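Engineer: Sequence:
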Amino acid sequence: MIAYSGYQLWLIVDNNAKEATMHELVLPYRPSLPSATPGGASSAPRTNQRIVELQAKFPGAVGWLTVPGTRIDYPFAQASDNDFYLHRSLDKRYLYAGTLFMDHQNSKDFSDFNTLIYGHHMKNRSMFGDLQKFTERNFFDSNKTGTVFLANKTYKVSFFAFAVIKPDDANIYDPTISTDADKADFLAHLKSASRYYRDLGVGPDDHIITLSTCNYEFDNARMVLVGKLTEI
Numbered sequence: 348m349i350a351y352s353g354y355q356l357w358l359i360v361d362n363n364a365k366e367a368t369m370h371e372l373v374l375p376y377r378p379s380l381p382s383a384t385p386g387g388a389s390s391a392p393r394t395n396q397r398i399v400e401l402q403a404k405f406p407g408a409v410g411w412l413t414v415p416g417t418r419i420d421y422p423f424a425q426a427s428d429n430d431f432y433l434h435r436s437l438d439k440r441y442l443y444a445g446t447l448f449m450d451h452q453n454s455k456d457f458s459d460f461n462t463l464i465y466g467h468h469m470k471n472r473s474m475f476g477d478l479q480k481f482t483e484r485n486f487f488d489s490n491k492t493g494t495v496f497l498a499n500k501t502y503k504v505s506f507f508a509f510a511v512i513k514p515d516d517a518n519i520y521d522p523t524i525s526t527d528a529d530k531a532d533f534l535a536h537l538k539s540a541s542r543y544y545r546d547l548g549v550g551p552d553d554h555i556i557t558l559s560t561c562n563y564e565f566d567n568a569r570m571v572l573v574g575k576l577t578e579i
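Here the sequence shown is numbered in the numbering used here, starting from 348 and rising by one per residue.
Calculated from the structure, these hints are not laboratory results. No incorrect hints appear here.
DSS-like, lysine-lysine: derived pairs with alpha carbons at most 30 Å apart:
(1) Lys470 x Lys513
(2) Lys538 x Lys491
(3) Lys503 x Lys513
(4) Lys404 x Lys503
(5) Lys470 x Lys439
(6) Lys455 x Lys530
(7) Lys513 x Lys480
(8) Lys480 x Lys455
The structure displayed is predicted, hence computed values, not measured ones.
Using the sequences and the accompanying hints, generate a full structural model.
Structural biologist: Below is the structure:
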């Protein structure tokens, strides 16, 4: 029993160390927010060169997600299914913490109405572990924005909903929503399911991002943080 417990502890420490090493490896590719011009307009470049370089180094990479106030500051990838990056790093080697990844049915250019990004809820707060912070109302109220960097675009994310849901919630976990009626149904369901909600006037013409990870309030629970995308 002591030997087994020691082995499990070693696995945790080893996995955390490997995840930290991988994060250090990709940090040089982290883009920075564009500065505003004196007139107040964004000077966002058409190209985020660091994302271009990230994709050249790691072909599965799509972009980078940052959520201030949390440790969520990672690249995200996409594969042909939703299993590949569950326990693989960007270099495609085994990594228990995996990689943040986009739903395989979503378009990489974020042109879908609902783009889903998944990540593990790690106990050391890496990956999507810090989504747990949004269970507190004060944190949700104080931390309203994030950023998505793509190779040729930068998006401000305005978070407007947080919910704890079942993993089979087909309304939330639908990356293929396309009709205005389905979009309206999605938004109505999200509002009713949300623990916290800000009315940002999100409608069928908008694009949103849904960040998803495990939650432990009930068996097999999931939590989602949903934001409106605005190109900057």
